[in-house]
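Enquirer: Read off the chains here:
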Amino acid sequence: MITAIAIVTDGLVYAAWLFVVAIGLTLIFGVMKILNVAHGAFYAFGAYAAATAIGLYFDRGWPVAGGYLAIATAAIAIGLVMGYILERVFLRRVYGRDEVVVVLITYALFLILEDVLILIWGTDGRSAYQPYTEAGSFTVGGLPLSVYDIGLVGFAGLLAIAASYTIKKTTFGRLLTAVIYDRETAAAFGVDVSRVYTVTFLVGAVLGALGGALTAPKISVTPGLGVEVIVLAFAVVAIGGMGSMEGALVGALIVGLFRAGAVHLIPQLELFSIYAVMALVLVFRPQGLFSRAQPRKI
Amino acid sequence: MQRTSVRACLARKVSAALLLTALPVAAVAQTAPAAPAVPPVKLGIVTFLTGPAAGPFGIPGRNSAEIMIEMLNAGKVPAPYATAGLAGAPIVPKFVDEAGSTANQVTEFRNLVQRDGVNATVGYVSSGNCLAVAPVAEELKALTVFFDCGTPRIFEEKPLKYVFRATPHATMDSVGAARYVLKKFPDLASYSGINQNYAWGQDSWRDFVAAMKALAPKATVDKELLPKLFAGEFGAEISALLTTNSKIVHSSFWNGDLESFIVQNGARGLPARSTMVYTAGETAMFRLGAKIPDGTIIGARGPHGVMAPDTPLNKWFRGVYEDRFATAPTYPAYHMAQSILGLKSAWDKAAAAKGGQQPAIDDVVKAFEGIEFEGPSAKIRMAIGNGHQGIADIAYGSFRFNKAEGKAEIVDVVRYPAECVNPPANMTSTAWLEAGMPGAKCN
Numbered sequence: 001m002i003t004a005i006a007i008v009t010d011g012l013v014y015a016a017w018l019f020v021v022a023i024g025l026t027l028i029f030g031v032m033k034i035l036n037v038a039h040g041a042f043y044a045f046g047a048y049a050a051a052t053a054i055g056l057y058f059d060r061g062w063p064v065a066g067g068y069l070a071i072a073t074a075a076i077a078i079g080l081v082m083g084y085i086l087e088r089v090f091l092r093r094v095y096g097r098d099e100v101v102v103v104l105i106t107y108a109l110f111l112i113l114e115d116v117l118i119l120i121w122g123t124d125g126r127s128a129y130q131p132y133t134e135a136g137s138f139t140v141g142g143l144p145l146s147v148y149d150i151g152l153v154g155f156a157g158l159l160a161i162a163a164s165y166t167i168k169k170t171t172f173g174r175l176l177t178a179v180i181y182d183r184e185t186a187a188a189f190g191v192d193v194s195r196v197y198t199v200t201f202l203v204g205a206v207l208g209a210l211g212g213a214l215t216a217p218k219i220s221v222t223p224g225l226g227v228e229v230i231v232l233a234f235a236v237v238a239i240g241g242m243g244s245m246e247g248a249l250v251g252a253l254i255v256g257l258f259r260a261g262a263v264h265l266i267p268q269l270e271l272f273s274i275y276a277v278m279a280l281v282l283v284f285r286p287q288g289l290f291s292r293a294q295p296r297k298i
Numbered sequence: 299m300q301r302t303s304v305r306a307c308l309a310r311k312v313s314a315a316l317l318l319t320a321l322p323v324a325a326v327a328q329t330a331p332a333a334p335a336v337p338p339v340k341l342g343i344v345t346f347l348t349g350p351a352a353g354p355f356g357i358p359g360r361n362s363a364e365i366m367i368e369m370l371n372a373g374k375v376p377a378p379y380a381t382a383g384l385a386g387a388p389i390v391p392k393f394v395d396e397a398g399s400t401a402n403q404v405t406e407f408r409n410l411v412q413r414d415g416v417n418a419t420v421g422y423v424s425s426g427n428c429l430a431v432a433p434v435a436e437e438l439k440a441l442t443v444f445f446d447c448g449t450p451r452i453f454e455e456k457p458l459k460y461v462f463r464a465t466p467h468a469t470m471d472s473v474g475a476a477r478y479v480l481k482k483f484p485d486l487a488s489y490s491g492i493n494q495n496y497a498w499g500q501d502s503w504r505d506f507v508a509a510m511k512a513l514a515p516k517a518t519v520d521k522e523l524l525p526k527l528f529a530g531e532f533g534a535e536i537s538a539l540l541t542t543n544s545k546i547v548h549s550s551f552w553n554g555d556l557e558s559f560i561v562q563n564g565a566r567g568l569p570a571r572s573t574m575v576y577t578a579g580e581t582a583m584f585r586l587g588a589k590i591p592d593g594t595i596i597g598a599r600g601p602h603g604v605m606a607p608d609t610p611l612n613k614w615f616r617g618v619y620e621d622r623f624a625t626a627p628t629y630p631a632y633h634m635a636q637s638i639l640g641l642k643s644a645w646d647k648a649a650a651a652k653g654g655q656q657p658a659i660d661d662v663v664k665a666f667e668g669i670e671f672e673g674p675s676a677k678i679r680m681a682i683g684n685g686h687q688g689i690a691d692i693a694y695g696s697f698r699f700n701k702a703e704g705k706a707e708i709v710d711v712v713r714y715p716a717e718c719v720n721p722p723a724n725m726t727s728t729a730w731l732e733a734g735m736p737g738a739k740c741n
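As you go down the protein sequences, you meet chains A and B in turn.
Each step along the first sequence adds one to the number in my numbering, with nothing skipped, and position 190 is 190.
Each step along the second sequence adds one to the number in my numbering, with nothing skipped, and position 75 is 373.
So here's chain A without its partners, still in its complex pose:
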């Protein structure tokens, strides 16, 4: 019984983390058709910014609750700044170019930003554990769980609801949907596609940074952490379907639960399980679970 509880809770916690990281990636691809490798850099910068903010905040002996606000503020600030610079200075110049060119540019930006990160924060790891350890723990069926981890599940759930509401119920969401379906037709109907792109990229960057910022209190923040994440995020997005938010949620749940099951039942297959699921899905649904097959344009 305790193993079953552990598989479900661990799967949900891991899925929540994956979803927060992957949703920005899939949003940018869905709207802009950009496979943004630099998303890993947003994650890494978000983690460093949060670690710095947490350090500054807790060094002053301020109340623990405000530390969570510091995490969010740091992520939003760094995400907006980076997203704006990257979109305005680099990506704006290559809209409409071959997708491979754009991928290469985001890959180059990712590598450059990894070094920029070292120039700013150095090579030493950073610790910002207070928000995680101070949150405490509680026990379910004999299994101690971290309040912070369960809070992350709640946050991811709220994020999914907010994303769904924004897409389906708001004017901006409808504009996004129009651009996703056909950029040229949307532009012909007067949609400011350029503005939609900028806003989308900024939101995606903030979400990427938020993923890193929320992870920072759990880990030793070290250079290179964006590399590990981007690979997993791509796996999640590929399972769910490129550009699909529902897909990102379901993909994250599948990966999270399969990985947790493997760790508890067949630990040797932990890493294999993630990519085996991805391969299995892609064999039967090459476009992912939630992406519709695209008509071929002649």
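Be aware that a few hints might be false.
[Stated by the list, open to error] Selected chain B positions facing chain A (in silico; Cβ < 7 Å): (1) GLY349; (2) ILE357; (3) LEU523; (4) LYS526; (5) PHE528; (6) THR542; (7) SER558; (8) GLY567; (9) PRO569.
[To be verified] If we take Cβ atoms under 7 Å as the criterion, some of the chain B residues that face chain A in the derived model are: (10) GLY530; (11) ALA538; (12) GLU557.
If you are wondering where the hints come from, they were derived from the structure by calculation, not from laboratory data.
These numbers were taken from a predicted model, which means no experiment stands behind them.
Virtual Cβ for every residue (Gly too), placed ideally from N, Cα, C.
Let chain A serve as the given structure and place chain B on it in line with the hints.
Expert: The following block gives chain B in isolation, referenced to the frame of chain A:
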């Protein structure tokens, strides 16, 4: 090799020509006659300068190399290393980042040897990189001293001529850990392990289990977890460990994974159920301080750092390191220092055999085999791996956070002699462990 000799010969001729040119000036100046200039020894230093392993491992290693080379060149290292450089030749280091793929490391190593013409290389933290570089070093006949990687397989799979490792391998860490665990928990019924899924983690766990089987045959393994390197997130693994009745959990984690794991398992109360055993824990104890529960078993891959003896060489090393970098040297710094001192010992011995002349690389290789020398924390004997693999004593202790002074400490330190925790020369580590560690001398 031929390339190096030609290069050295040319350098000597150029130096001689320069000396002749300078002679009249010197005569006019009426100064003491200048000693013939000795061509420098180019030394490649490879360690993590970026990436997750840089902070806890690469940078202490780099810093240690910087100090040791500077002090050796100035002749300021205490006896028995008080002579300048390598047999009088100044050392010129070239630092290379170990970050990147294994294939990239092989390319960088070839560049060091073939393009930059280094005379020797000291480096590598990652066991995967050591395994990949070793055959290339042999192919290029390039003297290479591994300084920190721990996999025992380096010299056990195939005899090597140009590769050395002054740092003992992972078997010592695992056997020492097993002996210390059983001293603390003589009636241990079961245990678990979480180790990174690559050469170092796999070898460490394999050796620990084998040592436990030899020393406590009734103790069983509960959980055997091998998450990927740099995973960072260990929620599921911690849950899996929480579902067991293991009294101890063995881990050879290092880098950011070690710190992340300590924080995450502490927040969920794992140390309250199981005593944690970190064979490389010393690198994290000063950074995490009170986050590590008292009683945690800590290793330092040798009697390094706070477990090092109070010898003049150790006092000097700690002093210069702390003065320069405002932090205590952790075990990767010790590993680098003892590797460079091993190279110096061999170089000086080879030069002495040639009447004080600079030795060829093959002479240094010959002198290095089976050599004994003093490291800052222990005597190193290149006793196994056909004289290419060092053995030394190891120490383990229990962590305690001194609240009054606000500092991390190690108490209940037990030092195990080299022959107690290392296989003999005629056996591989696996064979020795499976045979029940015959010939181990622990008293």
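Enquirer: State for each hint whether it applies.
Expert: Now the hints, each set against the structure:
Interface restraint check: GLY349/B against chain A, minimum CB-CB distance 4 Å, threshold 7 Å, status holds. With its C-beta approaching chain A no nearer than about 6 Å, ILE357/B sits inside the 7 Å limit, and its interface hint holds. Hint on LEU523/B holds. Least Cβ distance to chain A is approximately 5 Å, under the 7 Å limit. With a least beta-carbon distance of about 5 Å to chain A, the hint placing LYS526/B at the interface is held under the 7 Å criterion.
The interface hint given for PHE528/B holds, since its Cβ lies 6 Å from the closest Cβ of chain A, which is under the 7 Å cut-off. The restraint placing THR542/B at the interface with chain A is violated, with a minimum CB-CB distance near 10 Å, outside the 7 Å limit. With its C-beta approaching chain A no nearer than about 4 Å, SER558/B sits inside the 7 Å limit, and its interface hint holds. Nearest Cβ of chain A to the Cβ of GLY567/B: about 5 Å, under the 7 Å cut. The hint holds.
Hint on PRO569/B is violated. Least Cβ distance to chain A is approximately 11 Å, over the 7 Å limit. This hint holds: GLY530/B has a C-beta 5 Å from the nearest C-beta of chain A, less than the 7 Å allowed. For ALA538/B, the interface hint holds, the least distance from its beta-carbon to any beta-carbon of chain A being 5 Å, beneath 7 Å. Against a cut-off of 7 Å between C-beta atoms, the interface hint on GLU557/B holds, since the closest Cβ of chain A lies about 4 Å away.
Checked against the numbered hints listed earlier, the structure breaks hints 6, 9; every other hint is satisfied.
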